[in-house]
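A.B. asks: Below, each chain spelled out in residue letters.
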Amino acid sequence: MPRSAPRNLHSVFERSMREVRRSLLGWLVGIVGFSLIMLSIFPTIHGNAGFAQLINAYPEALRKLFDVSDYTTGPGYLRSEVFSFMAPLLLAIFAILWGADLTAGEEERRTIDTLLATPVSRQRVVAEKWLALATAVGVLALALEVLLGVVGPLFKLHVGWAPLSAAIIGSGLFALSFGTLSMAIGAGTGSRGFARGVSAAVAVVMYLISTLSQLVEWLKPWRWTSLWYHALGFDPLSHGFNVGHLLVLVACVAVLVVAAITLFTRRDFSN
Amino acid sequence: MWSSMKAQALDTNRGDSLASSHVMELTNVSKRYRSGGGVADVSLSINQGEVFGFLGPNGAGKTTIIRLLLDLIRPNTGEIKLFGLDSRADSVAIRRRIGYIPGDLGLYERLTPREILTHFAYLRDKIPWSKVTPLIDELDLEIDKPVRTLSKGNRQKVGLVAAFMGDPELLLLDEPTSGLDPLVQQQIHELVRRAAFEGRTVFLSSHILSEVGEMAERVGLIRAGQLIAVERVVDLAKRSSHLIDISFESPPDPNFLSSLEGLRSASVVGNQLRAEVSGDLNPVIALIATAHVTDLSIREPGLEEMFLTFYEQPHA
Ligand SMILES: Nc1ncnc2c1ncn2[C@@H]1O[C@H](COP(=O)(O)OP(=O)(O)OP(=O)(O)O)[C@@H](O)[C@H]1O
Ligand SMILES: [Mg+2]
Numbered sequence: 001m002p003r004s005a006p007r008n009l010h011s012v013f014e015r016s017m018r019e020v021r022r023s024l025l026g027w028l029v030g031i032v033g034f035s036l037i038m039l040s041i042f043p044t045i046h047g048n049a050g051f052a053q054l055i056n057a058y059p060e061a062l063r064k065l066f067d068v069s070d071y072t073t074g075p076g077y078l079r080s081e082v083f084s085f086m087a088p089l090l091l092a093i094f095a096i097l098w099g100a101d102l103t104a105g106e107e108e109r110r111t112i113d114t115l116l117a118t119p120v121s122r123q124r125v126v127a128e129k130w131l132a133l134a135t136a137v138g139v140l141a142l143a144l145e146v147l148l149g150v151v152g153p154l155f156k157l158h159v160g161w162a163p164l165s166a167a168i169i170g171s172g173l174f175a176l177s178f179g180t181l182s183m184a185i186g187a188g189t190g191s192r193g194f195a196r197g198v199s200a201a202v203a204v205v206m207y208l209i210s211t212l213s214q215l216v217e218w219l220k221p222w223r224w225t226s227l228w229y230h231a232l233g234f235d236p237l238s239h240g241f242n243v244g245h246l247l248v249l250v251a252c253v254a255v256l257v258v259a260a261i262t263l264f265t266r267r268d269f270s271n
Numbered sequence: 001m002w003s004s005m006k007a008q009a010l011d012t013n014r015g016d017s018l019a020s021s022h023v024m025e026l027t028n029v030s031k032r033y034r035s036g037g038g039v040a041d042v043s044l045s046i047n048q049g050e051v052f053g054f055l056g057p058n059g060a061g062k063t064t065i066i067r068l069l070l071d072l073i074r075p076n077t078g079e080i081k082l083f084g085l086d087s088r089a090d091s092v093a094i095r096r097r098i099g100y101i102p103g104d105l106g107l108y109e110r111l112t113p114r115e116i117l118t119h120f121a122y123l124r125d126k127i128p129w130s131k132v133t134p135l136i137d138e139l140d141l142e143i144d145k146p147v148r149t150l151s152k153g154n155r156q157k158v159g160l161v162a163a164f165m166g167d168p169e170l171l172l173l174d175e176p177t178s179g180l181d182p183l184v185q186q187q188i189h190e191l192v193r194r195a196a197f198e199g200r201t202v203f204l205s206s207h208i209l210s211e212v213g214e215m216a217e218r219v220g221l222i223r224a225g226q227l228i229a230v231e232r233v234v235d236l237a238k239r240s241s242h243l244i245d246i247s248f249e250s251p252p253d254p255n256f257l258s259s260l261e262g263l264r265s266a267s268v269v270g271n272q273l274r275a276e277v278s279g280d281l282n283p284v285i286a287l288i289a290t291a292h293v294t295d296l297s298i299r300e301p302g303l304e305e306m307f308l309t310f311y312e313q314p315h316a
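Protein sequence lines, in the order shown, are assigned to chains U and D.
My numbering numbers the first residue of the first sequence as 1 and each following residue consecutively.
My numbering numbers the first residue of the second sequence as 1 and each following residue consecutively.
Don't read these hints as lab results, they were simulated from the structure.
Errors might be hidden in some of the hints.
Stated by the list, open to error - Covered stretches of chain U (chain D as the covering partner; in silico rule of three or more C-beta atoms under 8 angstroms from a C-beta of chain D):
#: 1; stretch: 104-113
#: 2; stretch: 119-127
#: 3; stretch: 261-270
From the three backbone atoms N, C-alpha and C, an ideal C-beta is built for every residue, glycine too.
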């Protein structure tokens with residue numbers, strides 16, 4: 001039996017990482033599994049002329065909606081099968097769930113009283129918790145990058161580092177935005193359920209705005225309001241990094257971090 | 001009478017001339033929750049080095065006051081100072097000097113007590129682990145099982161170690177003994193006594209008068225959000241009454257206790273005499289000793305009863 005103090009709990013950041021450790025491992029397994037399944041299917045599609053014909057026979061509206069153009073190439077396959085929905089969704093669900101837990105969960109479990117009785121400012125508590133959220137999302141995104149970029153070629157899937165990284169960073173920042181939103185709403189209300197519900201709803205609406213704007217003409221001028229558009233809607237797998245879109249995402253996260261800190265600092269913990 | 005007035009005058013003088021010796025000072029503090037309830041217009045000063053008992057029935061506002069002190073909730077009106085600092089603006093500096101155990105303790109269920117205590121030791125300005133282990137040993141706390149497997153008493157011990165470690169200048173203990181067995185309660189009393197002996201200040205809430213009386217020098221009585229009295233324990237004990245049941249072999253004389261100065265009421269049921277007596281118990285015991293008694297019980301009145309006695313009686 002160890003007689004000393006553990007070394008990984010010296011700060012709110014470290015304790016948050018310690019608490020999420022097991023759940024993060026679960027999500028990692030999920031993302032690895034998902035990626036491996038997607039990769040293992042690719043060789044049968046790659047260079048398969050029949051598939052190309054099949055896809056081309058789809059109505060154009062469907063092809064746009066499901067993003068299935070050049071399905072048989074590496075970037076095209078990733079665009080339609082991995083980044084059109086699933087990968088960013090997985091990251092966003094994780095971030096939204098944990099974001100609310102970091103603020104409202106701590107309050108609902110009543111651990112906030114003893115935490116905020118220590119000489120740590122509320123600003124610092126939120127900042128460290130956000131850092132933990134960003135780190136965890138980063139770990140999941142990195143796993144995705146390694147799997148698709150390094151393991152992918154073993155399955156004949158080749159994609160440039162820049163387009164792949166642009167799509168992954170877009171997905172990560174999209175997830176982090178909504179995770180931070182969830183954290184901020186949790187900080188302001190103390191309710192995990194409410195924070196998660198609202199954040200998920202806003203994420204879905206933004207996804208729809210961006211995706212449907214390809215089909216619906218009148219939506220097109222509004223697609224800039226959608227974080228999904230700035231993350232993945234502009235097609236990073238074809239165009240690579242775009243500084244403008246990246247800045248919008250970063251600015252959005254920054255504003256939400258400030259909001260979370262402000263709401264938490266003003267909060268009267270009387271629920 | 002004269003001496004108590006003198007003592008009061010001295011107290012007042014001390015308060016005026018040495019305002020800075022007040023560890024805690026609440027001035028007209030009100031906090032109203034949106035759903036009603038809260039505390040109204042509470043003014044209270046706690047001296048350096050005293051054990052102050054904060055007494056009140058459920059829902060009286062004890063927890064509300066303690067959470068206001070910690071800046072977990074903010075008052076609607078009034079001013080709160082701790083160590084002469086503003087409870088809100090200087091909260092971090094204040095919390096550096098406070099140990100706290102909440103009335104409704106929440107712990108990180110996925111961690112072990114060792115992990116939790118390490119965490120709080122670090123957050124509380126890196127209290128060295130060598131200062132934490134003596135408390136763990138004293139309370140005989142098992143620290144390597146996940147918190148979710150611990151009994152209520154052991155969970156509370158985790159909270160107690162977290163509050164007492166590093167010898168904070170001010171201890172805020174919100175009903176620290178509730179739901180614990182007598183042994184653990186005694187351990188808590190011991191920790192409080194030691195803190196007081198070392199000149200540290202203890203603010204302790206409870207709804208059990210006898211428990212507070214054992215540890216505290218002064219008590220504040222709060223009911224329905226109002227601080228209705230602050231008294232020294234010795235004065236309170238003098239005024240409060242006891243319920244006495246005496247069983248005899250045959251029906252007793254109803255006037256058996258009537259020579260007692262503090263007798264409030266007496267009634268006979270069968271072989272039993274039930275009486276309410278205020279003030280000193282020694283004359284009662286002396287009188288009872290003269291008779292042949294088969295059973296005897298002396299109880300303190302409940303908190304509500306005590307409040308009633310307190311306000312029926314003209315203040316000496
Ligand atoms: N978070 C809250 N929101 C709304 N009302 C509250 C809240 N906390 C307490 N109250 C109300 O404020 C009053 C005082 O409550 P408080 O918890 O301070 O009492 P207490 O003296 O600590 O009681 P107990 O002995 O049961 O712990 C009660 O009427 C309670 O219903
Ligand atoms: Mg309480």
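A.B. asks: Could you work out which of the previously given hints the structure breaks and list their numbers from low to high?
C.D. replies: Hints that this structure does not satisfy do not exist here, as all of them hold.
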